[in-house]
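Listed here are the chains, written in short residue letters.
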Amino acid sequence: MNVRTKDKIATAVLYVISSAIVLLLVMFIGYIIIKGSESLNFRFLFGSSGVGGEGGGIGPQLFNSFYLLIISLLITVPLGVGAGIYLSQYAKEGWFLNLIRLSIETMASLPSIVVGLFGLLVFVIMLKMGYSMLAGALAITVLNLPAMTRVSETAITTAAKGVKEASLALGATEWQTIKKVILPSAIPQILTGIILAAGRIFGEAAALLYTAGMSTTKLNFKSINLLGKSSAFGLFRPSETLAVHIWKLNSEGMVADAVKIANGSAAVLVIMVLIFNLLARYLGRKLYYSYTGKK
Amino acid sequence: MERKQIARIKNEYLGKTYSIICGLLIVIITLSIIFFIASQGLSLFIKNHYPISKFLFSTIWKPDAGPEAGGPQYGVMIFITGSVLVSLGAVLISTPVAIALAIFMNFISPKLGTRVLQPAMELFVGIPSVVYGWVGVTLLIPLLKSMFGGIGFSLLAGIIVLSIMILPTITSISSDAIRAIPIEYVEASYGLGATRWQTISRVVVPAAKSGILTGVVLGLARAFGEALAVQMVIGNSINLPKSLLGTTSTLTSILTMDMANTVFKTEWNNALWSMALLLLLISFLFIVVIRIIGRRGEVK
Amino acid sequence: MSILKAENLNLYYGNNHALKNINLDIRKNAITALIGPSGCGKSTFLRTLNRMNDLIENVRITGKVLYEGKDIYDNYDVIELRKKIGMVFQRPNPFPMPIYDNIAYGPRIHGNNNKAELDEIVENSLKSAALWDEVKDRLKKSALGLSGGQQQRLCIARALSVEPEVLLMDEPTSALDPISTMKIEELLLELKKKYTIIIVTHSMQQAARISDYTAFFLSGEVIEYDETNKIFSNPRDRRTEDYITGRFG
Chain A
1 MNVRTKDKIA TAVLYVISSA IVLLLVMFIG YIIIKGSESL NFRFLFGSSG VGGEGGGIGP
61 QLFNSFYLLI ISLLITVPLG VGAGIYLSQY AKEGWFLNLI RLSIETMASL PSIVVGLFGL
121 LVFVIMLKMG YSMLAGALAI TVLNLPAMTR VSETAITTAA KGVKEASLAL GATEWQTIKK
181 VILPSAIPQI LTGIILAAGR IFGEAAALLY TAGMSTTKLN FKSINLLGKS SAFGLFRPSE
241 TLAVHIWKLN SEGMVADAVK IANGSAAVLV IMVLIFNLLA RYLGRKLYYS YTGKK
Chain B
1 MERKQIARIK NEYLGKTYSI ICGLLIVIIT LSIIFFIASQ GLSLFIKNHY PISKFLFSTI
61 WKPDAGPEAG GPQYGVMIFI TGSVLVSLGA VLISTPVAIA LAIFMNFISP KLGTRVLQPA
121 MELFVGIPSV VYGWVGVTLL IPLLKSMFGG IGFSLLAGII VLSIMILPTI TSISSDAIRA
181 IPIEYVEASY GLGATRWQTI SRVVVPAAKS GILTGVVLGL ARAFGEALAV QMVIGNSINL
241 PKSLLGTTST LTSILTMDMA NTVFKTEWNN ALWSMALLLL LISFLFIVVI RIIGRRGEVK
Chain C
1 MSILKAENLN LYYGNNHALK NINLDIRKNA ITALIGPSGC GKSTFLRTLN RMNDLIENVR
61 ITGKVLYEGK DIYDNYDVIE LRKKIGMVFQ RPNPFPMPIY DNIAYGPRIH GNNNKAELDE
121 IVENSLKSAA LWDEVKDRLK KSALGLSGGQ QQRLCIARAL SVEPEVLLMD EPTSALDPIS
181 TMKIEELLLE LKKKYTIIIV THSMQQAARI SDYTAFFLSG EVIEYDETNK IFSNPRDRRT
241 EDYITGRFG
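Protein chains in written order, with our numbering: chain A, 1 to 295; chain B, 1 to 300; chain C, 1 to 249.
With the rest of the complex left out, here is chain A (with noise of 0.2 Å):
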């Protein structure tokens, strides 16, 4: 064959599998979206969860989700930020700063099942917290700290590049320099990565099922105790979230519509990693304009 004749059809197979696989995207979340839209109606969406008969909502397990996701980010982000400027501004080089990168690669290859079993093993168990809302949101900490601490880290290094030196030269301190001119520049590629992560967060399962664990109380708003059990802010109720929920209802199915409900809560998933996807490539291009100077 023609060395001419082979380039094209290279390239016409390339083009074949580029497209295929974005039609593959399209399609899949096309399905998702129309096999769920029956279900996408308020009293669907904040109706509780009914045990048997038929016509169950996912509010409680929606309600669990979001704040199950404000706590780890509440732990998370400080932990991430922190050391971020360690690695990027204090860390020297020497076996420390190797353990410390050692330590964030073996986090982040943990496969998450493994990281939900440790949070079962102590702080269900050994720290007595019970499938809680605590423990699940400690357990996705431990999942996103390495995500985090990366992200960090690559956002107050570039934006220490240049200013750090003036702002020493001036007789700041480096935590004065930190605090003042770099974190502040560095905050939107900072935010792009926590919107990535909720991303995660909100569709995690597996490190959940044996922390935050696989049934949700009755939710009451009236109360915002954070230790009491009954209280929708309790720490320490269980507090199954919707991406648990659907792993449920596929291996138990208790419900007679169960195949309707995971249809909806798995539009409602994805429809929420859309928008925390489109949020995140929002702010990215902002970000673009703001270090260009334009705008």
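Be aware that one or more of the hints could be misleading.
Claimed, not checked - Below, in silico cross-link-like pairs of lysine to aspartate or glutamate (EDC-like), each with a Cα-Cα straight-line distance of 20 Å or less:
id : chain 1 : residue 1 : chain 2 : residue 2
1  : A       : K161      : C       : D101
2  : A       : K248      : B       : D258
3  : C       : K192      : C       : D226
4  : B       : K16       : A       : E252
5  : C       : K183      : C       : D226
Unchecked claim - Partial list, derived from the structure: chain C residues whose beta carbon lies under 10 Å from chain A:
id : residue
6  : I79
7  : P94
8  : F95
9  : R108
10 : K115
11 : S161
Stated by the list, open to error - Far from chain A by the CB rule (all over 10 Å, computed), these chain B residues:
id : residue
12 : L14
13 : S58
14 : K145
15 : V186
16 : L240
17 : T266
18 : R295
By construction, these hints were calculated from the structure, which means they are not laboratory data.
For every residue, glycine included, the Cβ atom is placed at its ideal position computed from N, Cα and C.
Following the hints, position chains B and C against chain A.
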């Protein structure tokens, strides 16, 4: 002087100390994961005196059989085989496609690459694994059933679901590797009158080999550790798969299901923790392999 | 009158002996230029004067740097030192914040939060850097919107905001066009009435145009240090002559 000292503490040491503590915490968490999983995972061998070789190499998993039935037996070879087969299968399907996409993004149409393919990959990564599993159950399983008969739940279903899930990982790392190739190589090849495809297949892909390999190993690691999506479609039967269409179980799927059904600190439960430890050790193995590939890539 | 003095100063990067036994006496209210081929140690030396080399790992320093008679490497408060000895860098590096905040940053970190005083400092610093007229209507706008030459004058104004006595300048015009360069040079001639200026430059013409004293560095040593017109008209050392006549470097 006193006041200056206080200001100095506020302006430097407090923040620095905080950031060091955060760094330290990462090390502490990692060490405690290793410590706790290991201590729980070793009790089957230390406290229950179950032989390690029997655990690793036997295919007999009878955790609930009494002594009269020759049990209980905790051989996990079935699950190791299941995990290996399903993740290798996924990598085999995914790798060629991923390399094709990486080439497309960098050489055929960088514009479509950044505008369409890259966002598409990001979405693939973002879709939760339970959703992959759920679509597998409701779409793929009936499809396989109508095409090949049987029940649909199968090793093949697991492979297909996983191959989509790990595609973005392999693609993005291969693409980075290809982008990192010095443009001089490519120009030199064009300069000799090579076509685009000749340049890609004989210069670009070989030069990016170690980067692509890293992507493949990372994909393999992700497939190996994935729990729910696989568990939902693979059938979860306690046997070696008879064919691609047969059902089987993996380390992660059995862990996911059985952890809730066993009582903490019983022998059966300990056997599950031993499997968790095994998963942990395998993920270390992947890290080592990736480091070796990275080092060899640097030397060249 | 002497203000800064290096005595038997040696600096090592790991095993690399980067500055060799430097003895240099910097005069007050004058412009001293440090010249030499790249890698000769002139920038490294400049950065020993406000201890910016502290930031780099594996740096070892022996000998003394006396600032107003006190050794800055012997139990000297580095923050006080950097307040007294300001620095302007090769590339303009304004902070990504409004022009006003860029100038007010220095006084603020040293504890001054008085609005009226800050206003005055910002105005005076910008006036001293000959930038006030160009930016007085856009003080709240981002400093990143300024041109390269304006940004560099902003950085000079920022350095002046903490009332230093010495200004260290590390090739401050190398990233600028000729017109901006000329403006900065005029500014430096004005500033030397109040400040002591030490400037690293790769341009011999620039050294000849603006400096009062010139030190020629080669391979980490000071080969010759004298009044600028003597260095350029009648160098004592053969290597200095080779360099300024363009025979190497």
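Hints versus structure:
A C-alpha spacing of about 19 Å is found between K161 (chain A) and D101 (chain C), which places the hinted pair at or below 20 Å, so the restraint holds. Of the supplied pair hints, the one linking K248 (chain A) and D258 (chain B) holds, its CA atoms being roughly 14 Å apart against a limit of 20 Å. For the hint linking K192 (chain C) to D226 (chain C), the alpha-carbon distance of about 18 Å falls within 20 Å, and the restraint holds. Restraint check for K16 (chain B) and E252 (chain A): not satisfied, since their Cα atoms lie roughly 50 Å apart, outside the 20 Å limit.
At most 20 Å may separate the alpha-carbon atoms for a hinted pair to count; K183 (chain C) and D226 (chain C) exceed this at roughly 26 Å. The closest approach between the C-beta of I79 (chain C) and any C-beta of chain A is roughly 5 Å, which is under the 10 Å cut-off, so the hint is satisfied. Here the hint on P94 (chain C) is kept, as its CB sits about 8 Å from the closest CB of chain A, short of 10 Å. The beta carbon of F95 (chain C) comes within 5 Å of a beta carbon in chain A, closer than 10 Å, and the hint placing it at the interface holds.
Evaluation of the R108 (chain C) hint against chain A yields a held restraint, the C-beta minimum of about 8 Å falling below 10 Å. Below 10 Å, beta-carbon pairs count as interface contacts, and K115 (chain C) has none with chain A, the closest being about 18 Å; its hint is therefore violated. Checking S161 (chain C) against chain A: minimum C-beta separation of about 8 Å stays under 10 Å; hint holds. With a least CB separation of 7 Å from chain A, L14 (chain B) falls inside the 10 Å interface cut-off, contrary to its annotation.
Even its closest Cβ contact with chain A, about 23 Å, leaves S58 (chain B) beyond 10 Å, as expected for a residue assigned away from the interface. Non-interface call for K145 (chain B) relative to chain A: holds, since the shortest CB-CB distance, roughly 16 Å, exceeds 10 Å. No Cβ of chain A comes within 10 Å of the Cβ of V186 (chain B); the nearest lies about 15 Å off, and the non-interface call holds. Taking the minimum C-beta to C-beta distance to chain A, about 22 Å, the non-interface status of L240 (chain B) holds against the 10 Å cut.
No Cβ of chain A approaches the Cβ of T266 (chain B) within 10 Å, the least distance being about 14 Å, so the stated non-interface status holds. Remark: the non-interface label on R295 (chain B) is consistent with the geometry, its nearest Cβ contact in chain A lying 14 Å away (cut-off 10 Å).
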